[in-house]
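These protein sequences, in sequence, are chains A and B. With the first letter of the first sequence counted as 1, position 218 gets the number 221 in my numbering; the numbers rise by one all the way through. With the first letter of the second sequence counted as 1, position 266 gets the number 327 in my numbering; the numbers rise by one all the way through.
If you're looking for bench data, these hints aren't it; they were derived computationally from the structure. It is possible that part of the hints are untrue.
As the list claims (entries may be wrong) - Beyond 10 angstroms from chain B on every Cβ pair, some chain A residues (computed):
no.	residue
1	Y72
2	G126
3	S153
To be verified - For the chain A half of the interface with chain B, some residues (derived, Cβ under 8 angstroms), not all of them:
no.	residue
4	L46
5	H138
6	L146
Stated by the list, open to error - Examples of chain B residues toward chain A, derived with CB under 10 angstroms:
no.	residue
7	N113
8	W114
9	S116
10	W177
11	R301
12	R344
13	W353
14	A357
Remember, predicted model here, so these are calculated numbers, not experimental data. A virtual CB, placed ideally from N, CA and C, is assigned to each residue, including glycine.
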Amino acid sequence: MSDLFDYTVRLGDDALIAAQRTAEWIAAAPQLEEDVALGNIGLDQLGQARSLLQYAGSLDGRTEDDLAYFREEREFRNLQLCELPNGDFAHAMARLLYFATYQHLLYEELRTCADETLAGVAGKAVKEVAYHVDHATQWVLRLGDGTEESHRRMQAALEALWPYTGEMFESDELIGRLAVAVDPAPLRAEWERRVLAVIDESTCSRPEASYQHTGGRSGRHTEHLGYLLAELQHVARSHPGATW
Amino acid sequence: MLTRMDSFQATIDADGRIEPRDAMPEGYRKTLIRQIAQHAHSEIIGMQPEGNWISRAPSLRRKAILMAKVQDEAGHGLYLYAAAETLGVDRAELLDLLHAGRQKYSSIFNYPTLTWADIGAIGWLVDGAAIVNQVPLCRCSYGPYARAMVRVCKEESFHQRQGFEILHTLCNGTPGQKAMAQDALDRWWWPSLMMFGPPDAASTHSEQSMAWGIKRHSNDELRQRFVDMTVPQADILGLRVPDDGLVYDDATGHYTFTEPDYAELYEVVKGNGPCNEKRLAHRVKAHEDGAWVREAAAAYAAKRQEAVA
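Excised from the complex, chain A in its bound form (with noise of 0.2 angstroms):
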């Protein structure tokens, strides 16, 4: 497998299981307009993971379903901040401002990359992702600055994501070797720098945490995504070779 295959399959992978726990929302929101709105947001996750899986399948002659359907948990490559569990609202915000600032951050240089399809792939998300993070800042900022419930939920969504957070910055080899790749640790400055800047209009205290858990980009995730995954495939596999 190459090296572009391995690259494109995380991102599309961190997209997919952030569009798989967003959906989760629908039906469940705390307003309909809320309901419409994560609506939107999970169906650009899911735009993005296809769009991505699709180009890391047509490499070694998969489809994207094969990608999403047919591979073990250990071979996913995703973020495990994408895999954890909903939590309440805070969390869902929370953890949409901290991924979608990344997102945005990497899109935007993933888009003059030399690879046109991966370039092509971020021209298009990195609009969509702008909205996640305006969306998401919003709800930081009301929920923050709004009543002692709401600001003490905030307080603690953003501080139990925070140690998930270190991973998106982590360079490795894989990163060293595919010249088309971002390499994701410049990018901590200036994503702490956008998230802080909420943190702190939003009331809240700036999370601080002593360890940072890693493992999703080499397959190695929380016990959440076994479930997740559980769900998402069992339709599929349970009827190998049909088509839906």
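Since the structure of chain A is already known, use the hints to place chain B on it.
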């Protein structure tokens, strides 16, 4: 001199549109609020049986289509509540009535979605029946409702085609997939026929609604139209409609069919369907879990307003 109520009747008689500022009899207003609210509630409760399969959709393409469809339903809910609000009620009030069990939603959503084929069957049969019910509402005498329905119907027609296409793919797939499609038709056929309401002789609200131009066709007329439209589509799919009494009548150009068991419909309306409790409990939970979020948004907005003032 014409009184304002004379002008209401004149508009109805001329098949014109009543607008929010026009005078209207209290009964007309109440009937519309009840009907539009019930319709809006049906859209948002209807998100559940289909939402039930988003996480398990068997291909990414199907997952994307289903997410978009369920999202459309949230959108329909939004503009139907907005249409109801033109009559002087607000959404929060209507949601409270739904959550308290004092306003209804379509009974069809009290049936469970047990297999992927049910997503096809809902699109094809349930959205198909909804279209037959709703197309005449585009000419409803109340303007905001009629205009909302124009948009709803366009999207429903897309939903219906995607449902048919799901089943078409299953029916041309493996024996297991085809069996899944037949099983879905067997379970959804009768509840779909019930979507047109009780037979004309037993329908309580129909006569006055017809006189007011809210309703244009009787329940039985619409049910017949649905059967005539749907049976040939089942033939294309190669599925058997589960009705031994179904025959095409050359003389009338219509199908003769067995009436559904309306006793079952009344039970489901009363709250005794397979999913009544689950659907309402899920909705109430989402609403209650979101209360702190809505309060926070209101508090934040109030603080910003103070800062400006």
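Quiz item: Can S116 (chain B) be said to touch chain A, with a Cβ gap under 10 angstroms?
Solution: For S116 (chain B), the interface hint holds, since the closest Cβ of chain A sits about 5 angstroms away, which is under 10 angstroms.
Quiz item: If you take the shortest Cβ to Cβ gap from L46 (chain A) to chain B, is it below 8 angstroms?
Solution: Since the shortest Cβ distance to chain B is 5 angstroms, the answer is holds.
Quiz item: Are W177 (chain B) and chain A close enough, Cβ to Cβ, to be under 10 angstroms, as the hint says?
Solution: 5 angstroms, holds
Self-check item: chain B versus G126 (chain A) - minimum CB to CB distance exceeding 10 angstroms, so not interface
Solution: 20 angstroms, holds
Quiz item: Does L146 (chain A) pass the interface check with chain B, least Cβ-Cβ distance below 8 angstroms?
Solution: 5 angstroms, holds
Self-check item: Non-interface claim for S153 (chain A) versus chain B (Cβ beyond 10 angstroms)
Solution: 3 angstroms, violated
Quiz item: When the nearest CB of chain A is found for W114 (chain B), is that gap smaller than 10 angstroms?
Solution: 9 angstroms, holds
Self-check item: Interface restraint verdict for A357 (chain B) against chain A (beta-carbon cut-off 10 angstroms)
Solution: Hint holds; A357 (chain B) Cβ to chain A Cβ min 3 angstroms, cut 10 angstroms.
Quiz prompt | Given as non-interface: Y72 (chain A), partner chain B, CB spacing beyond 10 angstroms | solution = At about 8 angstroms from chain B, Y72 (chain A) fails to clear the 10 angstroms cut-off, so the statement is violated.
Quiz item: Can R301 (chain B) be said to touch chain A, with a Cβ gap under 10 angstroms?
Solution: Violated. Min distance 22 angstroms.
Self-check item: chain A contact restraint for R344 (chain B) - C-beta distance below 10 angstroms
Solution: Holds - the Cβ of R344 (chain B) comes within 10 angstroms of chain A, reaching about 8 angstroms at its closest.
Exercise. Using 10 angstroms as the Cβ threshold, decide whether W353 (chain B) counts as touching chain A.
Key: Nearest chain A Cβ about 5 angstroms off; hint holds.
The structure does not agree with the numbered hints 1, 3, 5, 11 stated previously, though it agrees with the rest.
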